[in-house]
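Could you slot chains X and U onto chain V? The hints should help.
Those sequence lines, one after another, are chains V, X and U.
Take the first sequence: its position 144, counted from the start at 1, is 144 in this note's numbering, and no numbers get skipped.
Going from the second sequence to this note's numbering is simple: count from 1 and add 1000.
Going from the third sequence to this note's numbering is simple: count from 1 and add 2000.
No lab work stands behind these hints, which were simulated from the structure alone.
Each hint can be trusted.
Residues of chain X clear of chain V, computed beta-carbon distances all greater than 10 Å:
| hint | residue |
| --- | --- |
| 1 | V1249 |
| 2 | G1255 |
| 3 | I1265 |
| 4 | E1304 |
When the alpha-carbon atoms are kept at most 20 Å apart in a straight line, the in silico EDC-like pairs for lysine to aspartate or glutamate are as follows:
| hint | chain 1 | residue 1 | chain 2 | residue 2 |
| --- | --- | --- | --- | --- |
| 5 | X | K1182 | X | E1166 |
| 6 | V | K8 | U | D2164 |
| 7 | V | K203 | X | D1094 |
| 8 | X | K1026 | X | D1005 |
Short derived list, chain V residues pointing at chain X, Cβ under 10 Å:
| hint | residue |
| --- | --- |
| 9 | P184 |
| 10 | Y187 |
| 11 | K203 |
Computed from a prediction, not measured in an experiment: that's the story for all the values here.
Glycine included, each C-beta is placed from N, C-alpha and C at the ideal position.
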Amino acid sequence: MDKTINQKAWFLVLPVFAVVAFSAILPLMTVVNYSMQDTFGNNQFFWNGVGWFKELLDPSTDLGGRFLASLGRNLLFSAIILAIEVPLGIVVALSMPREGWTVAVCLVILALPLLIPWNVVGTIWQIFGRPDIGLLGYTLNSLGIDYNYVSNEFDAWATVIVMDVWHWTSLVALLCYAGLKSIPDAYYQAAQIDGASRWAVFKAIQLPKMNRVLLIAVLLRFMDSFMIYTEPFVVTGGGPGNSTTFVSIELVKIALGQFDLGKAAALSLVYNLIILIVCWVFYTVMTNAGVERPAKKGGA
Amino acid sequence: MARIDLVDLAHSYGGNAAPPESFALKPVTMTWRQGGAYALLGPSGCGKTTLLNLISGIVTPSRGKILFDGADITPLSTQKRNIAQVFQFPVIYDTMTVGQNLAFPLQNRGVPKAEVEARVKQIADLLDLTPYLGRKATRLTADAKQKISLGRGLVRSDVAAVLFDEPLTVIDPELKWQLRSKLKALHRELDLTMIYVTHDQTEALTFADTVVVMHDGRVVQSGTPAELFDKPAHTFVGYFIGSPGMNIVPAAVSGHEARVDGHTIGLHRNYGVLPAGAKIEIGVRPEFLHVAAPASGLLSATIERIDDLGRARFARVRVGDEKFSARMPPGFSVPDNMVGLVFDPAHVHVYADSRLVEGVA
Amino acid sequence: MHSIPGRRLIISLFLIFLLLPIYWLVNMSFKTNAEIVTTMTLWPHQPTLENYRRIFTDESWYSGYINSLTYVIINTVISIAVALPAAYGFSRYRFLGDKHLFFWLLSNRMAPAAVFALPFFNLYSAINLFDTPWAVALAHCIFNVPLAVWILEGFVSGVPREIDETAFLDGYSFPRFFVKILVPLIASGIGVAAFFCFMFSWVELLLARTLTAVNAKPISAIMTRTVSAAGMDWGLLAAAGVLTIIPGALVIWFVRNYIARGFALGRV
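Bound conformation, chain V alone (with noise of 0.2 Å):
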């Protein structure tokens, strides 16, 4: 892990910087422009400075309402989702053959929802969850269970949460699975010996040895359940009503939809804020972590 230092090493990385500073810093320094600016259309701008920062936090106005509204279900979904996907993930993981030619099936099969396009992600939900033609919503309304995503709140978000689980619950169960593949069989038959339950190994040995991608997996399915916009707009185009509107949908009604670019920018900066802020807490713990692999090293 002693890398040396050598300052040119600026110049391997630049390709990347140039690539992502393109489409990256240019954008923003566009949105924070924005963000400071009032406009009537027309392409007229009008200096205002923190207004719209003020406005977005203040729950009392219309757009701090709305924001803080789609705040709050979207931190609600994510966690609602963190908390199916997974324990559902590392108990797949669990279960998944150990050899054979059913291996290979499963994993294909594990990994097809993944290589959906998002919004044909929807548009397969919407399909089977319809309770006119959908498997799902005929199933449910003829088991009496009334049953309609979209004039129904509850079945809305339900139907939401189920489809992530769905779409994402494959990307947990393969990353836990990548992390336990890497457990050399002496572990198990050392735990054998030592006469540890099938719950003692899990403890001992799988849960450590999952860790770091645990937290690969819980990151990536944070950040893009915070972010995520096409698989419900699709379904239910964030309704009824506003009960499905997440952060993502907002801003895209408030800044395409309403061209309210001003209002849009600034959600923008306070949205990328909370990301940058979680995937700073996230990366800090990791880097920790890392610090304690060298010393793992003999047991690899």
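Chains X and U alone, transformed into the frame defined by chain V:
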């Protein structure tokens, strides 16, 4: 603590129906006494790890039985066999401290807390781990980790045998010696049956009082280090053990004489009837073959190379197409590359189809 | 010991849960609209290929596939090409601001697409790239390049430093060392990174839709548009959906033996 009997034990990873020559372990019957230190020695793929895994219960034998103190434990799971095993790579529970690692096997078996603490303390003292008890096990060096794996085995008072699967592979050379002495000392102190798998003859010969040499799924010889050295039962043992290994050359043997390259070598015993059609060879360790000035009555040879091993010098010599290693007496110098070879007849052995033939005195 | 009691049941139920909605989509795609709307059938009673025929004969449909694949491939190539040297730099050297730079890169992977949609629209319009595959390919770099750097850094760190040193002692120049020695050594890592770039570029819609109008419209965007215009043509929608799943399914099938290693991202 137990005596271990292997009864017609054999294993094939391809199942019992596989052809006999493909068995990873060919049928073996032997007894290991309680309290003995045994080494299973052989090159990779010789079946030694398979045999170890059969004893520990990780692998179930295709055929045969394993008895601990006369009781058949073949169908028992690893947990119920009461054995301890130290693996090639240190296995430690990352998230636990050294103390928790040592306590783990006892806690799993529901041993009362006070007793657990007492045992852990005792074992930690024995293994010099006491200063580390509160430390996270992940941060320790490889040799300390191996001691922890060993400690997890020893902490149980009922352990029948301790198995070692090449435990020194990842240990630094200077620490290997220390750890091996520690094992010897523990063995004397605790009166445990220990079985040690290795491909390193030095480790095997210094650790064990009985070395079991394996080759191609078969036990070719089981004996004390001295027996393996003085009287290899199989040509494989001859050249696998000893450095340089035994010289083994084709020869025509009759009575008290062996003929190699038209030259007659005297033998200590009489080999009257040798199996017809068998491949006959003689074997002599380089330690019992030395070079001398060429003289009539000596097998003459050409020196190709001289290896100075510090304590002794060995010459690589050639006789016709055959190569020999032979000891060079101190101070002996070679005028030209021609020398004569002097055999010690008491240590020349005869092999028929690679197996030792006992002569008649 | 590896797995848990009842694992067969658990994994089977989960796989059924994954497959059922997809089956339903496939089922729909072979039905006529009349059958879809009037009856509830578990399999097509009057199977038809009409929906697929319409997609393959209408240029506005199949050009969508070509557009999507074009920008996905451009993006994958750019991402890997710029990420490789950077991954090597981050893995081997310390330099001014390295940790901050790495974090900044990663944070871009996490940036919400919705935030960038509008500024990207302005930016690419200004440089005349709007409605070309290049606009989408470059826009997707914002999350794929950091990801590729991150994955490749893990794989490069797995190559012992002694190999670099030996190569330089043997007189390899840096570019030659890179191409002849390093790249073959981390070939599987490059495969994994390319897989992830492909995956995330293929599934993204918001940016792809915002940055295209007519000529470079991706297939997934055409789907949404055509459906709203044609009313509820469920059969056609389902068939188009099935066709968007196929490239992903093919990619997975080819990499099936590397999935487990791939998801370890070279760092377990």
